[in-house]
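K.L.:
With chain R fixed as given, assemble chain Y onto it according to the hints.
2 protein chains.
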Amino acid sequence: MELSAEQLKAFDDKGYVFLPNCFSEEEIALLRIEGEQILKADRKEVWREKTGAPRTAFAAHTFNEVFRLLVSHPRLVGPLKQYFGEDVYVHQFKLNAKAAFEGDVWQWHQDYGTWARDDGMPEPRAMNIAIFLDDVLPINGALMIIPKSHKQGVLAAGHDKTTTSYPLWTLDKDTVTRLANEAAGPDGVGIVAPTGKAGSVLMFHGNLVHASPPNITPYPRKIVYLTLCAVSNHITKFTREEWIAHRDFTPIEMVDDDALVEYARAHKSAAE
Amino acid sequence: MELSAEQLKAFDDKGYVFLPNCFSEEEIALLRIEGEQILKADRKEVWREKTGAPRTAFAAHTFNEVFRLLVSHPRLVGPLKQYFGEDVYVHQFKLNAKAAFEGDVWQWHQDYGTWARDDGMPEPRAMNIAIFLDDVLPINGALMIIPKSHKQGVLAAGHDKTTTSYPLWTLDKDTVTRLANEAAGPDGVGIVAPTGKAGSVLMFHGNLVHASPPNITPYPRKIVYLTLCAVSNHITKFTREEWIAHRDFTPIEMVDDDALVEYARAHKSAAE
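Chains as they are written, first to last, in my numbering: chain R, 513 to 784; chain Y, 513 to 784.
It is worth saying that the hints were derived from the structure and are not from the lab.
Predicted model, so just to flag it, every value in this text is computed and none were measured.
Incorrect hints may have been included.
Which copy? The list can't say, so a pair holds if one copy fits it or any two copies do.
Keeping only pairs whose Cα atoms sit at most 25 Å apart, straight-line, the calculated DMTMM-like set for lysine to aspartate or glutamate is [said to hold, decoys possible]:
hint: 1; residue 1: Lys673; residue 2: Asp647
hint: 2; residue 1: Lys780; residue 2: Asp770
hint: 3; residue 1: Lys660; residue 2: Asp524
hint: 4; residue 1: Lys521; residue 2: Glu598
hint: 5; residue 1: Lys673; residue 2: Glu537
hint: 6; residue 1: Lys562; residue 2: Glu614
hint: 7; residue 1: Lys673; residue 2: Glu561
hint: 8; residue 1: Lys556; residue 2: Glu753
hint: 9; residue 1: Lys685; residue 2: Asp647
hint: 10; residue 1: Lys685; residue 2: Asp554
hint: 11; residue 1: Lys552; residue 2: Asp686
hint: 12; residue 1: Lys552; residue 2: Asp684
Next up, chain R with everything else stripped away, as it sits in the complex (with noise of 0.2 Å):
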């Protein structure tokens, strides 16, 4: 799969393109799943919230076949190579959970900020992509973004240690209402929250600013942020875990388009 001209228009304007249902039910059912039996489990992949709750589960495509299969997807792979005209790798895999009536917040924050200042990665030539497992609505932790803001370089950040269980390079509230100032349109609004049904798929810019509220709602937001990396802008710092922020930097090689489906047909008829 390839971005239109228009598309790729948008990314460079807006800072993001968004692709309602790229996944079909059939194929986020399986990822749901999966997703779901990861995030009980006890490994040091699996962080947790204060209540105990799952917060994030990182490098599942490193022991999941399924999502060794969405790393590798057409869908998401394809556009990144056309985008960054090179091969890509893995640099982070995280399905946060932002579990029913316990996900917390996400402060404001940029994510090349941290992949530049704690793994020396050269340039934002690294594209994260959000693929909603759940409905993602208004209501239930929504991701925030702040259009335009991928322009502004890196912004001065603070280390948060202490909100909540995953440290971040936070933004202040000057910086964000600035920021939120300068994207508003006539209705002087200037963050967006994309909602959708559970296979929607959001690419964002790695100087994109965002946040997530906490979930107070009964219905569970589980969202995959995957971020792939141009392979000649690969990270240089190995301060954190390589589980984290991977030192693996063989391109990814693309499955074909209707793997998820030949797996969930496979595994199905497997278990009948």
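P.N.:
Positioned in the frame of chain R, the structure of chain Y alone reads:
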């Protein structure tokens, strides 16, 4: 003002009625300016979040002329006198700030549970009126309600004195999940978050289950929650401060419909 037969039926079926743009921009600008002044004040009626940001200002109608006009306004008092078939008095007045970046969660609860347990209010013959002083957006901590939950009577609740600075009788996750399932529409979602411009009004039943998430945006979300009670149903236990649960059961005398506009214009000319 009176509610239509259709609005009264919707209220009985769903437990709420939403009135977009009930107050004009001129009226709301006056309320917003006065409200912001009150939230800055260092007085016992103004409660703060753990961060120090304002959370709630009680009883502003007892010390501020503009809010005295609001609680006596025919667009609010008229429908309630109509619904209860008798005079009403002010049981409680809260200006909830839900401040930009700092407004904290209100957990799932019913208000009448508190009025019954703490204040000895005989029946749920009191109604909440939410008056939006800012635009309520999906992203800035919108009030969430569970339609039809007002038909459940008073549900079992636990007294939460730790989560936020305001003690509250809150419902457990299983109860909220069950109620949301019972209210679910074809999309499977049983929670509604009415959003709209400043000046919009939401009237909701004292037993309607509601909550609101933290506000992590730069957009404040001030709402006045006015509780008007049928005079014959006045409270019988005085366990809370009189400026939290009022003990003056005098029937409200309505002001003229243009009272706020008249005040705004008089005030403006005086300032010139």
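K.L.:
Please go over all the hints and tell whether each is borne out by the structure.
P.N.:
Results of checking the hints against the structure:
{"no.": "1", "hint": "Lys673 - Asp647", "result": "neither (30 Å within a copy, 33 Å between copies)"}
{"no.": "2", "hint": "Lys780 - Asp770", "result": "within (15 Å within a copy, 68 Å between copies)"}
{"no.": "3", "hint": "Lys660 - Asp524", "result": "within (8 Å within a copy, 46 Å between copies)"}
{"no.": "4", "hint": "Lys521 - Glu598", "result": "within (19 Å within a copy, 62 Å between copies)"}
{"no.": "5", "hint": "Lys673 - Glu537", "result": "neither (37 Å within a copy, 43 Å between copies)"}
{"no.": "6", "hint": "Lys562 - Glu614", "result": "both (9 Å within a copy, 20 Å between copies)"}
{"no.": "7", "hint": "Lys673 - Glu561", "result": "both (13 Å within a copy, 21 Å between copies)"}
{"no.": "8", "hint": "Lys556 - Glu753", "result": "within (11 Å within a copy, 50 Å between copies)"}
{"no.": "9", "hint": "Lys685 - Asp647", "result": "between (29 Å within a copy, 20 Å between copies)"}
{"no.": "10", "hint": "Lys685 - Asp554", "result": "between (36 Å within a copy, 24 Å between copies)"}
{"no.": "11", "hint": "Lys552 - Asp686", "result": "between (38 Å within a copy, 20 Å between copies)"}
{"no.": "12", "hint": "Lys552 - Asp684", "result": "between (34 Å within a copy, 22 Å between copies)"}
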